[in-house]
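A.B. asks: Fit chain A with the ligands to the supplied structure of chain W, relying on the hints for placement.
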Amino acid sequence: MNIVVCVKYVPDAQAERTFDSSDNTTDRANVDGLLSELDEYAVEEALKIVEAGEGEVTVLTVGPASAADAIKKSLQMGAHRGVHVDDDAIHGSDAIATSLVLAEAIKKIGAETPVDLVMTGMASTDGAMGVVPTMLAERLGLPAVTLASELEVDGGSATIRRDGDTSTQSITATLPALVSVTDQINEPRYPSFKGIMAAKKKPVEHWSLADLGVDASQVGLDAAWTRVEAFTARPPRSQGEIVNDEGDGGQKLAAFLGEHKFV
Amino acid sequence: MAEVLVLVDHVEGKVRKTTAELLTIARRLGEPSAVFVGAGFDAAKDSLAKYGAEKIYHVEGDVLDYLVVPQAELLAQLVASTSPAAVLVPSSPEGKEIAARLAVKTESGLITDAVDVQAGEGGGVATTQSVFAGGYTVSATVTKGTPIITVKPNSATPEEVSGAAVDEVVDFTVSDNAKGAKIASSKPKEVSGRPELSEAAIVVSGGRGTAGDFSKVEEFADSLGAAVGASRAAVDAGWYPHASQVGQTGKQVSPQLYVACGISGAIQHRAGMQTSKTIIAVNKDNEAPIFELVDFGVVGDLFAVLPQATEAINAAKG
Ligand SMILES: Cc1cc2nc3c(=O)[nH]c(=O)nc-3n(C[C@H](O)[C@H](O)[C@H](O)COP(=O)(O)OP(=O)(O)OC[C@H]3O[C@@H](n4cnc5c(N)ncnc54)[C@H](O)[C@@H]3O)c2cc1C
Ligand SMILES: Cc1cc2nc3c(=O)[nH]c(=O)nc-3n(C[C@H](O)[C@H](O)[C@H](O)COP(=O)(O)OP(=O)(O)OC[C@H]3O[C@@H](n4cnc5c(N)ncnc54)[C@H](O)[C@@H]3O)c2cc1C
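If you read the sequences in order, they're chains W and A.
By this note's numbering, the letter at position 160 of the first sequence is numbered 160, and the numbering carries on one by one without gaps.
Every position in the second sequence, counted from 1, becomes a number in this note's numbering once 263 is added.
The following block holds chain W by itself, in its conformation from the complex (with noise of 0.2 Å):
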């Protein structure tokens, strides 16, 4: 089983994450990164597949040369193999665009052993729209099992249950096919010492937009579909009446609701 993991870069969600104002795009220099949080559980759940059978599992990042830290960290959690591409041209792509250079990387990935799994997060934990694993999915014409709190894949499918609003769903896909997994579905391992040391040595190739066949025009800020026209920071909440409870407190919070029409 071959599987092919996208993890993010990110800015740190503790630190305060801004924009940069000369072009509207995520101020990635500034703040602090690292592998966004919840692809952690997809580098889990494939390392798990391969460890109970065979294969390799290659995580595949798209960001600027910090984001080689996503490829470090999923390698000593154990991951055999990092893809990283790295384009200057890339800075302010879309979500469209994202999804293209991934879907041509993980082509190129399966030109030398055929992949059976790719497998994402839920979301970032910065752009968190949460629709690049359906548009890879779209491009590379493959079935789609999304937001799999467990998943199981045995011979030529992959079974996920995903739990929605109404019902709780189990949903087949016939491999190779994508799988987009919560953080519902394991604990993510810490690295190891041992792996920390090994993934010293494992592989990560290095590749441009020429490598993949992508024309520089189709990416980047300008040919972005959608434009961040401004942006404003929230105004910070300021901090309203707190009272200590002295057996009233239930009585007073009543009152305030009835003051402002709640009740």
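Quick caveat, the hints were computed from the structure, so don't treat them as lab data.
Don't take every hint at face value.
[What the hints assert, rightly or not] Across the chosen pairs, the derived CB separations fall in these ranges: (1) A:E550 x W:A15: 16 to 26 Å; (2) W:R227 x A:K547: 26 to 36 Å; (3) A:K280 x W:E112: 44 to 54 Å; (4) A:S478 x W:V204: 12 to 22 Å; (5) W:E205 x A:D305: 56 to 66 Å; (6) W:V204 x A:N440: 30 to 40 Å; (7) A:E453 x W:P114: 35 to 45 Å; (8) A:V454 x W:A230: 35 to 45 Å; (9) W:E16 x A:Q519: 23 to 33 Å; (10) A:E550 x W:K200: 50 to 60 Å; (11) A:D548 x W:A111: 52 to 62 Å; (12) W:S157 x A:E453: 22 to 32 Å.
[Said to hold, decoys possible] These stretches of chain W come out as covered by chain A in the derived footprint (C-beta under 8 Å, 3 or more residues): (13) 11 to 19; (14) 95 to 102; (15) 106 to 113; (16) 168 to 175; (17) 203 to 217; (18) 220 to 233.
The C-beta atom is built at its ideal place from N, Cα and C for all residues, glycine as well.
C.D. replies: Structure of chain A with the ligands alone, referenced to chain W:
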């Protein structure tokens, strides 16, 4: 005037409130055309007409057996035949997947999770999104193809205007390509009888501080006619279903009032409730970060505070 396609969200023909909101938004951009897939067309027709649908495109058959792909194919077919001014889809997980595939198929720009949509100044469509856990507001436009926009619940107040609701049966066949993934089985969830979490005007949530006993949270919620939510700590502990989780990996809600009970206010939780109009917290730790956000807070034990408030509210209602 150009048509605006609205994908109808419904359960067996019972149209959800988000669809009325989308039809209302569609009228700002052009002539609303509803796109209806699945069973229950006759039941849905009246409510779609009531919110201004001029046309209803509809297909019957096995479309819904194969998840979202056929719906994306259907919309792509309609985009080609009607050249709409925009396509509006609800911001549910399914809606986003349909929109993502449609954007690739029709080579169109996609904007997700819009909280407002207006006609753009020089034509086009101007959207507002709330990003980075509600920390920023972004205005954006689509510059290529047909604007495809997923819209969050509560982004407009539904307005009643009667529409012609002309029935247009669409000739559509599911492609073989769409049949790669299939729903093998489906188990319906119990219905709580409370409002739906992402649509509710008031949400009352419980966290680890409930210690597994949600009864006081539920009684308080019921006194306000509210939906009940939960933190991930409460969901992970198995105290409340995952569908009720509020936060980064759960529902992002934006109600008129959000009440957090026994919830500390971790960033991942805030990502799902920070844009609520009014926020209240009940927590016994006066240093809990949730208090930084609140309009009103009670430092105290939720098992004492909530029942007292519930009683006072029920008494006031008479
Ligand atoms: C605040 C904000 C708002 C935005 N709004 C829009 C918009 O309305 N329309 C638009 O087209 N673009 C928008 N973008 C740009 C868009 O987020 C990026 O283009 C991004 O590359 C793709 O979307 P996402 O991060 O939301 O990914 P998601 O669709 O949330 O990602 C899901 C999964 O896809 C994989 N993945 C995503 N990106 C990569 C990558 N670079 N490398 C490897 N794997 C990856 C990961 O497995 C991830 O878990 C926005 C960006 C930001 C920061
Ligand atoms: C990838 C990832 C995704 C996540 N996604 C989400 C998400 O979508 N939603 C989410 O909520 N979390 C999410 N989390 C988890 C988040 O980080 C927190 O762990 C979680 O929100 C904590 O839940 P809590 O506030 O209920 O529990 P705690 O942080 O333990 O807080 C419990 C609070 O209850 C108070 N308390 C205790 N007893 C009482 C009492 N009797 N009366 C009143 N107050 C009392 C305590 O003072 C405390 O403040 C995510 C984490 C990760 C890593």
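A.B. asks: Broken hints, numbered, in rising order?
C.D. replies: 2, 4, 10, 15 and 17
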